[in-house]
Amino acid sequence: MTTGAVHTPDMPIPMSAYATLKLAAVKMMEYLAVENPHVRVHMLHPGFIDTAMSRKSAQAGFAVPLDDVELPASVAVWLASPEAEFLKSKYVWANWDVDELKAKKERLVSSQDLTIGLLGWC
Numbered sequence: 527m528t529t530g531a532v533h534t535p536d537m538p539i540p541m542s543a544y545a546t547l548k549l550a551a552v553k554m555m556e557y558l559a560v561e562n563p564h565v566r567v568h569m570l571h572p573g574f575i576d577t578a579m580s581r582k583s584a585q586a587g588f589a590v591p592l593d594d595v596e597l598p599a600s601v602a603v604w605l606a607s608p609e610a611e612f613l614k615s616k617y618v619w620a621n622w623d624v625d626e627l628k629a630k631k632e633r634l635v636s637s638q639d640l641t642i643g644l645l646g647w648c
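Numbered per our numbering, the sequence shown spans residues 527 to 648.
If you are wondering where the hints come from, they were derived from the structure by calculation, not from laboratory data. Please note that a few of the clues may not be correct.
Listed next, the in silico DSS-like pairs over lysine-lysine satisfying Cα-Cα at most 30 Å (straight line) [unchecked claim]:
(1) Lys631 <-> Lys582
(2) Lys614 <-> Lys582
(3) Lys630 <-> Lys548
(4) Lys553 <-> Lys628
(5) Lys628 <-> Lys582
(6) Lys630 <-> Lys614
(7) Lys614 <-> Lys628
(8) Lys630 <-> Lys582
(9) Lys631 <-> Lys548
(10) Lys553 <-> Lys631
(11) Lys628 <-> Lys548
(12) Lys631 <-> Lys614
(13) Lys630 <-> Lys553
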């Protein structure tokens, strides 16, 4: 699981330690995927789930629509299935439409789209 916190430095609550750990998780998963090509690695953004942190953010003025906790659980189970093999080493949001992802299978397999990592330099 991962989070969008690494993309939002202007949060109304202090997030530096949390976001830094999430960014480190991205790099760790990137290396895990590259160094172990026989292992299926996925990163899953769970959506915005009702947690103590999301309630604190909402109280500070950063309220977002919340997703049902069952959503990322169901997507995680699907990612472990043979049907989702094409998403190996990819980053997926739980609220994305699975049928749309399957329709883009060929492009996702043959490109760097959604590949786990810190991209931009090379």
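Against the structure, the hints:
no., hint, in the structure
1, Lys631 <-> Lys582, "violated (38 Å)"
2, Lys614 <-> Lys582, "violated (34 Å)"
3, Lys630 <-> Lys548, "holds (27 Å)"
4, Lys553 <-> Lys628, "holds (26 Å)"
5, Lys628 <-> Lys582, "violated (36 Å)"
6, Lys630 <-> Lys614, "holds (14 Å)"
7, Lys614 <-> Lys628, "holds (13 Å)"
8, Lys630 <-> Lys582, "violated (37 Å)"
9, Lys631 <-> Lys548, "holds (27 Å)"
10, Lys553 <-> Lys631, "holds (24 Å)"
11, Lys628 <-> Lys548, "holds (27 Å)"
12, Lys631 <-> Lys614, "holds (11 Å)"
13, Lys630 <-> Lys553, "holds (25 Å)"
When the structure is compared with the earlier hints, violations turn up for hints 1, 2, 5, 8 and for no others.
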